[in-house]
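At position 50 of the sequence shown the residue is numbered 41 (the numbering used here), and the sequence of numbers has no breaks.
Read the hints as simulated data drawn from the structure, not as lab findings. There may be inaccurate statements among the hints.
Label pairs and their calculated CB-CB ranges [stated by the list, open to error]: (1) K54 / G104: 40 to 46 Å; (2) P123 / T76: 21 to 27 Å; (3) G110 / G21: 45 to 51 Å; (4) E112 / G55: 26 to 32 Å; (5) K111 / K54: 45 to 51 Å; (6) D20 / P123: 23 to 29 Å; (7) P78 / N46: 15 to 21 Å; (8) N100 / S53: 33 to 39 Å; (9) G136 / P114: 31 to 37 Å; (10) E131 / E56: 21 to 27 Å; (11) E19 / N100: 29 to 35 Å.
Virtual Cβ for every residue (Gly too), placed ideally from N, Cα, C.
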Amino acid sequence: MRAYRRAVMTVLGAAALLIAGYTATLAEDGVHRLAIQISDNNPQKMNTVLNVAANVVRHYSSKGEEAEVKIVAFNLGLHMLRSDTSPVQKRIKSFGESMPNVTFHACNNTIQGMTKKEGKEPPILPVAEIVPAGVVTLMELNEAGWTIIRP
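Generate the whole structure from the sequences, applying the supplied hints.
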């Protein structure tokens, strides 16, 4: 019973945070802001992240509104932005050409860890901006009123 109650409280808390986050994301300038976390080396999740980004941009565009989406990759999710291992790099290139309001951010902490493990720096797609720390980037975006999701 205790585990069930804890699970219900977790779900309710997450729902409250999502609602609060959504209301905070529509900035005074009227731009909807979404940050999407990818931290798994899973092609299905990577495609889901890209689908969510495209759907959000299309939705607000169809309403005549603006949306900005940042995709933040860290841990094993960095493979999404590696030119040697990304299963979605063609889609990412397409985003770079057709959706300038969707940006990609690669965690430098993860890059340094992979460099140590692999003996060389992993090649990152040119469309990605390297940020000092993916989690810190997400925290700062949250503090600035962005909605943060992890599909």
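Distance restraint hint 40 to 46 Å, applied to the beta-carbon atoms of K54 and G104:
Given about 41 Å between the Cβ atoms, the range holds.
Using the C-beta atoms of D20 and P123, is the stated range 23 to 29 Å upheld?
holds, 26 Å
Is 31 to 37 Å respected by the C-beta to C-beta distance linking G136 and P114?
This hint holds: roughly 34 Å between Cβ atoms.
For the pair E131 and E56, does the Cβ-Cβ distance stay inside 21 to 27 Å?
holds, 24 Å
45 to 51 Å was suggested as the range; check whether the CB atoms of K111 and K54 agree with it.
holds, 46 Å
Can you tell me whether the CB distance of G110 to G21 sits inside 45 to 51 Å?
Holds - the Cβ-Cβ distance for G110 and G21, about 48 Å, lies within 45 to 51 Å.
Taking the beta carbons of E112 and G55, is their distance inside 26 to 32 Å?
Check failed, 43 Å falls outside 26 to 32 Å.
Could you say whether the range 29 to 35 Å given as a hint is met by the Cβ separation of E19 and N100?
holds, 32 Å
Given the hint of 21 to 27 Å, is the C-beta distance from P123 to T76 inside that range or not?
holds, 22 Å
Taking 15 to 21 Å as the hint, is the beta-carbon distance of P78 and N46 inside that range?
Holds, at about 20 Å.
33 to 39 Å as the expected CB spacing between S53 and N100, which holds or is violated
holds, 37 Å
Of the hints listed earlier, the one the structure fails to meet is number 4.
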